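A.B. asks: Chains A and B are the protein sequences, given in the same order. Position 144 of the first sequence, counting from 1, maps to 147 under my numbering, and the rest follow consecutively. Position 80 of the second sequence, counting from 1, maps to 755 under my numbering, and the rest follow consecutively.
Please keep in mind that the hints were generated in silico from the structure rather than gathered at the bench. No experiment lies behind these values; they were computed from the predicted model shown. Any given hint might turn out to be false.
What the hints assert, rightly or not - Derived lysine-lysine pairs resembling DSS-like cross-links, with alpha carbons at most 30 Å apart:
1) B:K767 <-> A:K13
2) A:K8 <-> B:K725
3) A:K261 <-> B:K942
4) A:K155 <-> A:K374
5) A:K374 <-> A:K391
6) A:K155 <-> B:K942
7) A:K155 <-> B:K725
8) B:K942 <-> A:K13
9) B:K844 <-> A:K261
10) B:K942 <-> A:K8
11) A:K8 <-> A:K374
12) A:K616 <-> B:K725
13) A:K346 <-> A:K92
14) A:K418 <-> A:K391
15) A:K542 <-> A:K391
Claimed, not checked - Ranges of calculated distance between the beta carbons of each label pair, as one might list FRET restraints:
16) B:D812 <-> A:L15: 43 to 53 Å
17) B:L800 <-> A:G585: 42 to 52 Å
18) B:P870 <-> A:D99: 25 to 35 Å
19) B:D812 <-> A:N620: 30 to 40 Å
20) A:L250 <-> B:I695: 39 to 49 Å
21) A:V129 <-> B:L718: 51 to 61 Å
22) B:P870 <-> A:E485: 13 to 23 Å
23) A:L25 <-> B:I810: 12 to 22 Å
24) B:A854 <-> A:I10: 31 to 41 Å
25) A:V81 <-> B:L800: 53 to 63 Å
26) B:L935 <-> A:A260: 24 to 34 Å
27) A:V100 <-> B:A858: 44 to 54 Å
Using N, Cα and C, we set each Cβ at its ideal position, and we do this for glycine too.
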Amino acid sequence: MKQSKRIFGKVLMGLLVVFFYLPILYMIVFSFNEGKSLTAFSGFSLRWYQHMLESRDMMQALYTTFSVALLATAISTVVGTISAIGLSKSRRIVRDVMAQVNNLPLMNPEIVTAIGFMLLFITFQVEKGYITMLLAHIAFCIPYVMLSVMPKIRSLDPNLADAAMDLGATPWQALTKVIVPQIAPGIVSGALIAFTMSIDDFIISYFVTGGGVKNLSIMVYTMSKRVNPSINAISTLVVVIITVLLLLINLLPLLAAKRQKKAEIGHRRWIAPVAIALVLAITVGFFSLQKGNERYLPFEGETLYFYTWGEYTGENILSDFEELTGATVIMETFDSNEQMYIKVANGASYDILVPSDYMIERLIQEDLIQKLDRSQITCLDHISDHLKGLPYDPNNEYSVPYFCGMVGIVYDTTKVDFKDLERDGYNIFLNPKYRGDIYLYDSERDSFMMALKALGYSMNTENQDEINRAYEWLLSCVRTMEPEIVTDEIIDNMAQARKALGLIYSGDATYIMSENEDMGFYLPESGTNQWSDGMVIPKNAKNPELAHAFINFAASYDGAYDNSSYVGYTATNEQVFQDLYGPGGDFEGINAYEYRTTNPNDEVFTYNEEIRKILSNLWSKVKIAASNAG
Amino acid sequence: MKRFSQLALPYIVWAALMLILPMALIALYSFTRHGNAIISFSLTLEHYQKFFTDPDFLIVLGRSLWIALETTAICLLLGYPAAYFISRSSEKMQNILVLCITLPTWINMLVRTYAWIGLLSEGGLIAQILGFFGIQDAELLYTEGAVLLGMVYNFLPFMILQINTSLCKMDHSLLEASADLGARPASTFRRVTLPLSLPGVINGITLVFLPAVSSFFIPKLLGGGQYFLIGNLIENQFITVGEWNFGSAISMIMAVIMMLMMMAVRKVENRNRGGKEE
């Protein structure tokens with residue numbers, strides 16, 4: 004009987020250990036994978052480690068994670084300990100109230116705390132970035148420190164400090180020489196909790212950061228939509244650092260204990276934090292050693308804040324620009340125009356944005372972007388003619404096109420009958436034959452475009468009935484067709500033929516088709532959205548001059564070639580387009596790369612705030628309906 | 676001696692600014708309209724009305740609470756025996772096992788959750804293992820099951836560690852006493868061990884349930900783009916829709932629900948303790 008219980012326990016423990024470590028092991032193994040797949044191991048390689056080391060973004064994230072954690076731990080430990088000592092001597096009512104206040108971040112769902120911080124910083128117009136992240140971390144770490152220090156103080160003899168002072172100690176000496184050593188174990192465990200909370204934090208950091216500052220969690224969250232084995236590499240690195248730290252914490256006291264058997268408890272407990280601090284100091288020092296070289300550079304030491312779509316820049320364009328100018332480019336990415344707009348409208352400061360047509364129109368209307376200084380813009384001549392002077396910015400006073408394209412249907416030619424596509428157009432997304440086999444794209448604009456076009460309306464309609472019918476169309480799609488609503492995940496998933504059909508941006512289709520020959524791209528005859536994204540400079544840009552230099556560079560042959568050949572979106576630089584689409588080009592014969600200008604049903608989005616609000620609310624309801632249907 | 680009390684003053688100011696004010700701001704936003712200029716200030720209940728009159732939002736809320744409940748139940752069912760086993764091991768073994776369980780929690784949650792994507796995706800290791808047992812083409816990733824798995828994976832260690840702490844604190848002579856007095860192991864467990872470990876169980880439940888209800892990256896990474904829990908709803912309102920007032924109202928609703936639940940749990944705990952000690 005007893006024996007069988009032990010066996011049950013052992014089996015359970017064994018399974019749990021496998022459960023806990025399998026993903027970590029899997030991740031480590033695949034960080035050495037030669038290929039890009041997360042499911043098939045094709046050979047040993049260090050290429051993702053190299054990729055990681057070369058990616059400043061990743062190194063920066065690692066640095067931010069550790070430096071914020073260290074600073075937040077140090078500050079919150081000191082402040083928390085002092086405040087706990089102070090509170091213990093305060094009146095009871097003060098103590099009780101403060102205990103309740105400290106409970107706020109501990110007992111509230113983290114997302115609520117996070118939103119509170121975000122509203123706080125925005126209300127007082129504190130620019131979001133490293134400092135706000137650090138402040139928020141300190142704020143939620145202090146209660147943990149106090150929670151762990153308080154019981155130790157309570158168990159102290161309340162006359163201890165008085166006794167010390169009677170014997171001639173100053174209050175400061177009484178504090179540092181008598182009280183603190185007595186409560187040291189509480190302080191150490193408080194510091195450890197604070198460090199763990201800070202280094203692991205995602206939700207709070209995600210809402211309070213800005214200006215391209217991100218920690219590891221935010222990086223993984225924003226990068227995870229596309230398969231990126233570098234995440235495995237950087238994760239493995241973190242696993243190694245953490246394991247070494249933990250081993251040090253657990254082994255050093257043992258070693259020290261062996262050496263001085265009679266050492267008092269308070270004494271050896273100090274070794275672990277010292278060791279952590281040492282290892283981390285070395286790590287931080289290592290990262291801060293990466294400095295540039297010397298040469299005359301026009302924008303030496305300046306910083307460009309670049310806010311653009313995820314996966315929207317070539318491999319080398321940023322580093323080339325930095326080498327050319329000496330400036331540092333901090334890139335932050337968004338998933339949707341709306342997400343970008345909310346940040347910018349609430350005062351986040353960037354030097355360059357890359358919004359889409361209708362959003363540029365909105366930013367102009369709301370006076371959020373500035374006119375370009377045409378004397379500094381040298382690149383307009385290279386831009387394809389049909390992309391200049393578009394309705395949202397008729398004289399290109401505000402914007403220079405970056406990429407352009409269409410929205411269409413990507414389909415697996417082995418699964419989808421082309422006749423269905425030709426007959427149904429967008430209504431193929433209601434064809435039960437493909438139930439459970441489709442992707443929708445998580446964009447209110449493009450989803451409603453699809454629905455409106457499927458019903459034969461203009462995508463810029465202001466007619467409430469037509470919008471309602473489009474809403475019904477989308478509802479019936481999500482309720483009966485079991486679609487998956489995705490953003491960038493669609494790229495890798497379609498490249499691996501996971502589903503039969505998907506609504507997609509032409510540039511993503513180009514990439515997919517160059518990865519997988521079985522994939523096709525279809526533009527329905529009922530028309531589509533001809534979009535273009537342009538580079539603009541916000542009113543509150545800190546460095547407009549550098550921004551102009553970047554616009555010129557990104558629109559130049561080299562910049563545009565690097566961007567377009569890497570990302571797959573259609574270049575706005577005419578020569579680059581010809582070279583990539585023409586004979587021998589990377590995208591020769593891939594129809595998704597071409598910009599359709601011949602169909603009279605194709606339209607460009609215009610901006611109307613009323614309609615936007617309606618669509619935005621309806622789309623969020625469609626998504627919830629999809630969630631509730633599944 | 677009294678002068679030490681002044682040491683707390685800066686923190687009181689800080690806490691008012693960094694802990695109380697943010698909550699007050701959420702409340703303020705939730706009761707006002709968009710635009711939130713101080714001049715056009717007017718109170719409204721429309722956001723709350725919007726939430727409670729729309730069945731879709733209520734379904735999302737219900738699902739969040741339900742999946743958090745499931746997560747907590749599974750964590751308790753797996754965590755209690757595990758913690759019990761650990762507390763019964765030799766001291767050296769205990770240290771090793773506790774370290775084994777702690778180590779993963781030190782590694783970033785997002786990173787660990789991301790690792791499951793590869794394991795669960797089509798043709799991944801889990802699918803291959805299932806295929807070996809004859810279950811072909813099981814859809815694993817982007818399902819509710821995947822979200823549940825991700826939550827259990829992330830939060831189970833908290834449960835085990837909490838219960839284990841309270842089991843280890845327990846005075847073992849009580850067990851001997853119970854046995855000496857003729858209680859069978861099962862009834863010793865029921866009448867001595869279980870009540871004494873209850874504080875750990877309750878702490879564990881808090882530490883699992885709270886983050887499970889509000890989590891939004893686990894559903895997003897493992898549940899896919901159209902899987903909505905209440906956390907996703909709030910994120911969506913703040914990050915993409917831009918309806919901060921409505922988002923604040925949802926946050927308030929969630930905070931209040933959690934507060935009520937925590938109070939209920941504490942009450943159970945107190946009654947239990949009161950019965951045992953007095």
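A.B. asks: Are the hints correct? Go through all of them and say.
C.D. replies: Going through the hints against the structure:
Note on K767 of chain B and K13 of chain A: the hinted pairing holds, with a Cα-Cα distance of about 16 Å set against a maximum of 30 Å. At most 30 Å may separate the alpha-carbon atoms for a hinted pair to count; K8 of chain A and K725 of chain B exceed this at roughly 53 Å. Between K261 of chain A and K942 of chain B the CA atoms are separated by roughly 47 Å; this puts the pair beyond 30 Å, and the hint is violated. With a CA separation close to 62 Å, the supplied pair K155 of chain A and K374 of chain A exceeds the 30 Å bound.
Note on K374 of chain A and K391 of chain A: the hinted pairing holds, with a Cα-Cα distance of about 16 Å set against a maximum of 30 Å. Restraint check for K155 of chain A and K942 of chain B: the C-alpha separation of about 26 Å stays at or below 30 Å, so the hint holds. Simply put, K155 of chain A and K725 of chain B have alpha-carbon atoms about 48 Å apart, too far for the 30 Å limit, and the pair is violated. Taking the CA atoms of K942 of chain B and K13 of chain A, the gap is near 35 Å; set against the 30 Å cutoff, the hint is violated.
This hinted pair checks out: K844 of chain B and K261 of chain A have alpha carbons roughly 27 Å apart, not beyond 30 Å. For the given pair, K942 of chain B sits about 34 Å from K8 of chain A by alpha-carbon distance, which is inconsistent with the 30 Å threshold. The hinted pair formed by K8 of chain A and K374 of chain A fails the criterion: a straight-line CA distance of about 76 Å is larger than 30 Å. Distance restraint check for K616 of chain A and K725 of chain B: the Cα-Cα separation of roughly 16 Å lies within the 30 Å cut-off, and the hinted pair is therefore satisfied.
With a C-alpha separation of about 44 Å, the suggested pair K346 of chain A and K92 of chain A falls outside the 30 Å cut-off, and the hint is violated. A C-alpha spacing of about 39 Å is found between K418 of chain A and K391 of chain A, which places the hinted pair above 30 Å, so the restraint is violated. In summary, the hint linking K542 of chain A to K391 of chain A is supported, as the alpha carbons are separated by about 22 Å, within the 30 Å threshold. Checking the proposed 43 to 53 Å range against D812 of chain B and L15 of chain A shows it is violated: the Cβ atoms sit about 30 Å from each other.
Judged by the Cβ atoms, the range 42 to 52 Å given for L800 of chain B and G585 of chain A holds: they are separated by roughly 44 Å. The hint said 25 to 35 Å for the Cβ distance between P870 of chain B and D99 of chain A, and at roughly 28 Å that hint holds. Hint check: D812 of chain B to N620 of chain A, Cβ distance near 37 Å, so the stated range 30 to 40 Å holds. The given range of 39 to 49 Å is respected by L250 of chain A and I695 of chain B, whose C-beta atoms sit roughly 41 Å from each other.
The supplied range of 51 to 61 Å is broken by V129 of chain A and L718 of chain B, whose beta-carbon atoms lie about 27 Å from each other. A hinted range of 13 to 23 Å is violated for the C-beta pair P870 of chain B and E485 of chain A, which are about 48 Å apart. Here the CB-CB span from L25 of chain A to I810 of chain B is close to 18 Å, well matched to the stated 12 to 22 Å. For the hinted restraint 31 to 41 Å between A854 of chain B and I10 of chain A, the CB-CB distance of approximately 22 Å leaves it violated.
Range check, V81 of chain A to L800 of chain B: about 46 Å between beta-carbon atoms, so the 53 to 63 Å window is missed. The hint said 24 to 34 Å for the Cβ distance between L935 of chain B and A260 of chain A, and at roughly 48 Å that hint is violated. A C-beta distance of roughly 45 Å is found between V100 of chain A and A858 of chain B, which places it inside the suggested range of 44 to 54 Å.
Checked against the numbered hints listed earlier, the structure breaks hints 2, 3, 4, 7, 8, 10, 11, 13, 14, 16, 21, 22, 24, 25, 26; every other hint is satisfied.
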